[in-house]
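Visitor: Which chain is which? The protein sequence lines are A and B, in order. Residue numbering for the first sequence follows the numbering used here, starting at 6 and increasing by one per position. Residue numbering for the second sequence follows the numbering used here, starting at 2 and increasing by one per position.
Rather than coming from a laboratory, the hints here were simulated on the basis of the structure. A couple of the hints might just be wrong.
[What the hints assert, rightly or not] Below 25 Å or equal to it, Euclidean Cα-Cα: the simulated SDA-like pairs (lysine to any residue) are:
{"hint": "1", "chain 1": "A", "residue 1": "K143", "chain 2": "B", "residue 2": "N182"}
{"hint": "2", "chain 1": "A", "residue 1": "K194", "chain 2": "A", "residue 2": "D133"}
{"hint": "3", "chain 1": "B", "residue 1": "K205", "chain 2": "B", "residue 2": "A174"}
{"hint": "4", "chain 1": "A", "residue 1": "K143", "chain 2": "B", "residue 2": "G140"}
{"hint": "5", "chain 1": "B", "residue 1": "K207", "chain 2": "A", "residue 2": "D133"}
{"hint": "6", "chain 1": "B", "residue 1": "K205", "chain 2": "A", "residue 2": "T174"}
{"hint": "7", "chain 1": "A", "residue 1": "K143", "chain 2": "B", "residue 2": "A196"}
The structure displayed is predicted, hence computed values, not measured ones.
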Amino acid sequence: MAQITLDQLAHSYMPNPRSEADFALKQIDHVWEDGGAYALLGPSGCGKTTLLNIISGLLVPSRGRILFDDQDVTALAPEQRNIAQVFQFPVIYDTMTVAENLAFPLANRKVPKDEIEKRVKDTIAMLDLGDKARRRAKGLTADEKQKISLGRGLVRYDVNAILFDEPLTVIDPHMKWQLRTQLKELHHKFGHTMIYVTHDQTEALTFADKVVVMYEGEVVQIGTPEELFDEPAHTFVGYFIGSPGMNVLPCQVEGDRLRLGAQELVLQRRYPQLEGTVEMGVRPEFVGLSANGDGLPITVSAVEDIGRFKIVRARIEGRNFDAVLPEGTEVPANATAVIDPRRINIYQDSHLVRGEA
Amino acid sequence: MEKIQNNKAWFMVLPVLLIVALNAVVPLMTVVNYSVQDTFGNNVFFFEGTRWFNEVLASDRFHGALMRQFFFTFTILAIEIPLGVAIALAMPRSGFWASVCLVLMALPLLIPWNVVGAMWNIYALPDIGLLGFGLNWLGIPFDYTQQPVSAWFTVIMMDVWHWTSLVVLLAYAGLQSIDENYYRAAQIDGASRWAVFRYIQLPKMKHVLTIAILLRFMDSFMIYTEPFVLTGGGPGNTTTVLSIDLVKAALGEFNLGIASAMSIIYFLMTLLVCWLFYTITMQGEKQ
């Protein structure tokens, strides 16, 4: 187990990258703490798999270094880095039994026979595969195969990190939840550093202590699930995390006054003079509807009843604006939107600006 | 949906039955017919029972041809299958050179069989052929018209040159179907090059290799044109394999009974070996 340091790391798939846009992964500096559970979250093509492959050693970065504890591993091959990786589609060796599959990485490393036997037994117990140990790995269900993929990492007690590349994509929904829970338990019990790539926010938020949100090759925010929810550092994080995503509207800010079309709101914080595109963001959860005319005039276009809550789809100044209402709340006719001013974030060119209290 | 039972549907199958009957069943039955009868011409036939079969099975000539046939078939399989797999493994997996390799590999398969025979005939001639002349120049006595070893060497080389490509193309297709992540996982598991071959590539190539072996077995058992053009079964009868012997008996000596009995024995043997091979290799699948 190790602390992983990304030192001025960047990668381009082109041999001679010229501009920023040529980089699939823009410069990143970050330290993954030993024993942490991290999720790399972002849409397809945002560079998260590139980053994962750089950590595992399947890809050599164009720039920068990667350190495991104090050792520079940038030039080392995957098998020399002592990491494990679970891929999107389960990889099993068809011709071997489940137990042989688990023994494979140890046998390749010339671990003594009795030691292999003991570790394989432990791993099988850990993954609840006891009844399947002696059968051929071919023809198992997708979740069992994925457990074997994971088991081939766990069986090596001393792996520096376990990397997951969207491991639950091909798993049935009800098994997804179960596997995720099991994964968390394993993490608590053994404290491996785990890095989990996904585009599913639920997976990321439930699995990880810290979520790294990536967008267009850049890390836009690293934070706990609460931080991502309360203070998205980038409007993209606001859209991407939460369902429905954050409402983002162009506005003007002067000191602690926010002007939205013809309306004016008083903010909790004071802001300096802002240049470029200024936007406000508020989560639909912090928007209420009022029947007596205070707040912003909106046009309700649809109401989706999700059961536990209602999503009100509306338009404000010609832009989409959502509100989430608790179960059983009536949507008034001629409703106006009441925004909790403490929950308003201000963005300048898509990046969060923190005002003074 | 309720299935409709209507026996008139059988009429729909009739055209196919008719074609199959004309091109497969009737000729086969003619051979069966010849194999149990004797004739002295004028379309007069006498029933002979199993006489031809007994004669063929007891004759040294048939045993000799059969042994030579097995020697030929197993030698070319033992060379072509490993060589084909090795070439497929060495070929680039994508890009411009992958296409170039594929085209190069397909070339020998596109050449008509008698041309292949003629090519090697000239290529191996001891006085003017590049191969034959070259070997003699190096001090290795080589003359496929006189020496059995040289003749065998040339016949086998010709078949390897002609048909290894087929194994390469099949094995290559099998390799291409392997997902990139298998190699990555194996790398992380610390697998050696041999382990990758043994546990990933070979299992994934199993089906195509089964097909390759079956095709090469059947084709080499039927081989006629190339050795006929190249050596004509000689020197003496040292390269006379089954089909050459068969044609000699049927058309050279006009021994229709013997030739028919040989054909049937020969057909049943191919069928048996293919069935055995297929059953054994597919056995593992069902478990």
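Visitor: Next, verify each hint and record whether it holds.
Guide: So, going through the hints one by one against the coordinates:
| no. | hint | verdict |
| --- | --- | --- |
| 1 | A:K143 with B:N182 | holds, 17 Å |
| 2 | A:K194 with A:D133 | holds, 15 Å |
| 3 | B:K205 with B:A174 | holds, 10 Å |
| 4 | A:K143 with B:G140 | violated, 56 Å |
| 5 | B:K207 with A:D133 | violated, 31 Å |
| 6 | B:K205 with A:T174 | holds, 23 Å |
| 7 | A:K143 with B:A196 | holds, 18 Å |
Of the hints listed earlier, those the structure fails to meet are numbers 4, 5, in rising order.
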